[in-house]
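Chemist: The residues making up each chain are set out below.
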Amino acid sequence: MTVTVNGESRELREGLTIAQLLVLLGTAQTGIAVACNDAVVRRSTFGEYRIAHGDRIEVIQAVAGG
Amino acid sequence: MNDVLRIGTLEFASRLIVGTGKYPSLEVMQAAHAASGAQMVTVAIRRIALDDPSGKTLLDYIDRSRLTILPNTAGCYTARDAVLTAQLARELLQTDLVKLEVIGDAQTLHPDPRATLEAAERLVADGFTVLPYVGDDPIVCRQLEEIGCAAVMPLAAPIGSGLGVCNPYSIRIIKERAKVPVIVDAGVGTASDAAIAMELGVDALLMNTGIAAARNPVLMAHAMRRAVEAGRMAYLAGRMAKRLYASASSPMENLIAVEEA
Numbered sequence: 000m001t002v003t004v005n006g007e008s009r010e011l012r013e014g015l016t017i018a019q020l021l022v023l024l025g026t027a028q029t030g031i032a033v034a035c036n037d038a039v040v041r042r043s044t045f046g047e048y049r050i051a052h053g054d055r056i057e058v059i060q061a062v063a064g065g
Numbered sequence: 000m001n002d003v004l005r006i007g008t009l010e011f012a013s014r015l016i017v018g019t020g021k022y023p024s025l026e027v028m029q030a031a032h033a034a035s036g037a038q039m040v041t042v043a044i045r046r047i048a049l050d051d052p053s054g055k056t057l058l059d060y061i062d063r064s065r066l067t068i069l070p071n072t073a074g075c076y077t078a079r080d081a082v083l084t085a086q087l088a089r090e091l092l093q094t095d096l097v098k099l100e101v102i103g104d105a106q107t108l109h110p111d112p113r114a115t116l117e118a119a120e121r122l123v124a125d126g127f128t129v130l131p132y133v134g135d136d137p138i139v140c141r142q143l144e145e146i147g148c149a150a151v152m153p154l155a156a157p158i159g160s161g162l163g164v165c166n167p168y169s170i171r172i173i174k175e176r177a178k179v180p181v182i183v184d185a186g187v188g189t190a191s192d193a194a195i196a197m198e199l200g201v202d203a204l205l206m207n208t209g210i211a212a213a214r215n216p217v218l219m220a221h222a223m224r225r226a227v228e229a230g231r232m233a234y235l236a237g238r239m240a241k242r243l244y245a246s247a248s249s250p251m252e253n254l255i256a257v258e259e260a
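The listed protein sequences correspond, in order, to chains A and B. At the far end of the first sequence sits residue 65, using numbering that gives the first Met the number 0, and the numbering has no gaps. At the far end of the second sequence sits residue 260, using numbering that gives the first Met the number 0, and the numbering has no gaps.
I should point out that these hints are in silico values taken from the structure, not numbers from a laboratory. From a predicted model like this one, the values you see are computed outputs, not experimental measurements. Honestly, I wouldn't trust all of these hints.
Stated by the list, open to error - Sample of chain A residues facing chain B (criterion: CB under 8 angstroms; computed from the structure):
| no. | residue |
| --- | --- |
| 1 | Glu7 |
| 2 | Gly14 |
| 3 | Leu15 |
| 4 | Thr26 |
| 5 | Asp37 |
| 6 | Val39 |
| 7 | Arg42 |
| 8 | Ser43 |
| 9 | Gly46 |
| 10 | Arg49 |
| 11 | Ala51 |
| 12 | Gly53 |
| 13 | Ala63 |
Backbone N, C-alpha and C fix where the C-beta goes; we use that ideal spot for every residue, glycine too.
Build out the structure end to end from the sequences listed, making use of the hints.
Modeler: Right, dumping it as structure tokens:
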């Protein structure tokens with residue numbers, strides 16, 4: 000399936016969860032937050048939330064700013 | 000002197016809020032935060048770099064047992080983006096505080112009043128404690144307060160301009176009418192700017208570039224801390240009236256008379 004992660008198109012296997020995606024990306028599971036199709040995905044559901052074809056995923060962190 | 004700053008349900012002894020951006024290093028940022036005496040700092044929210052292995056991150060340099068984090072929605076040009084950014088920040092940081100920024104123009108970085116009002120309304124309804132960045136317009140400030148924002152944050156001058164308070168009269172009008180705290184945010188460049196802003200009677204100042212872009216940020220942070228305190232004390236002390244003509248400070252009686260030789 001094709002999804003967009005942080006603006007980049009990615010081919011992922013069907014049924015991948017957010018937790019599995021983060022492992023795939025080499026991203027820590029803490030210090031980040033995730034939205035899928037403009038809705039926040041709660042951290043406690045990362046293991047169950049299955050990504051679907053065409054989903055737009057944002058993985059964000061806190062950075063320096065005023 | 001018990002002069003506590005109250006924002007929403009939070010209380011602060013310091014009336015200086017500082018940003019985390021533009022420092023020469025995170026170590027300097029951390030030292031500047033300590034020197035400033037600030038008890039609340041802002042952070043921005045951005046996509047992670049997917050190909051970048053995570054080393055030390057910003058949050059490693061902020062002691063959350065001492066500092067309250069205020070996430071901002073900097074970089075958002077629409078209410079929709081600002082609302083999602085705030086919601087992500089809340090999930091990430093487990094706070095319902097948000098510095099709401101919805102920008103109208105990349106050169107001035109002035110807030111878009113209509114989009115700010117729309118985002119503020121949605122965020123207040125979603126349980127956020129909203130601190131909106133706003134122009135020095137008393138009407139927009141009143142509207143944000145009516146929506147339920149926990150404070151209003153009018154700019155002194157454009158972000159990062161260092162011009163100081165450009166329109167003290169507007170700021171005074173905003174402070175006179177507001178029932179929520181007024182936090183002057185953006186444009187403070189040096190200590191005297193900070194003191195002048197506080198002497199207008201506002202409740203707090205938020206600054207980033209004024210400290211971070213100083214030649215010696217840690218020293219400037221010390222200066223800003225004292226300037227905010229001095230300006231606040233001068234305001235509470237009640238300044239003398241200005242006069243056009245002199246009023247002698249020494250007595251006019253019992254003057255020595257010297258005979259002309």
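Chemist: It remains to establish, for every hint, whether it holds in the given structure.
Modeler: Consistency of the hints with the structure:
Restraint check, Glu7 (chain A) versus chain B: the minimum CB separation of about 7 angstroms is within 8 angstroms; hint holds. Annotation: Gly14 (chain A) was flagged as interfacial toward chain B, and the flag is violated, the nearest CB pair being 21 angstroms apart, outside 8 angstroms. Interface restraint check: Leu15 (chain A) against chain B, minimum CB-CB distance 15 angstroms, threshold 8 angstroms, status violated. Because the smallest distance between the Cβ of Thr26 (chain A) and any Cβ of chain B comes to about 6 angstroms, under 8 angstroms, the interface hint for this residue holds.
Satisfaction of the interface hint for Asp37 (chain A) is found here, the shortest Cβ-Cβ separation to chain B being roughly 6 angstroms, below the 8 angstroms cut-off. Because the closest C-beta pair between Val39 (chain A) and chain B is about 5 angstroms apart, less than 8 angstroms, the hint holds. At a threshold of 8 angstroms, the smallest CB-CB gap from Arg42 (chain A) to chain B is about 7 angstroms, leaving the interface hint in force. With a least beta-carbon distance of about 10 angstroms to chain B, the hint placing Ser43 (chain A) at the interface is violated under the 8 angstroms criterion.
Interface hint status for Gly46 (chain A): violated, as the beta-carbon distance to the closest one in chain B is roughly 16 angstroms, over 8 angstroms. At a threshold of 8 angstroms, the smallest CB-CB gap from Arg49 (chain A) to chain B is about 19 angstroms, leaving the interface hint violated. Annotation: Ala51 (chain A) was flagged as interfacial toward chain B, and the flag is violated, the nearest CB pair being 19 angstroms apart, outside 8 angstroms. Nearest Cβ of chain B to the Cβ of Gly53 (chain A): about 18 angstroms, over the 8 angstroms cut. The hint is violated.
The criterion of a C-beta within 8 angstroms of any C-beta in chain B is met by Ala63 (chain A), whose closest approach is roughly 4 angstroms, and the hint holds.
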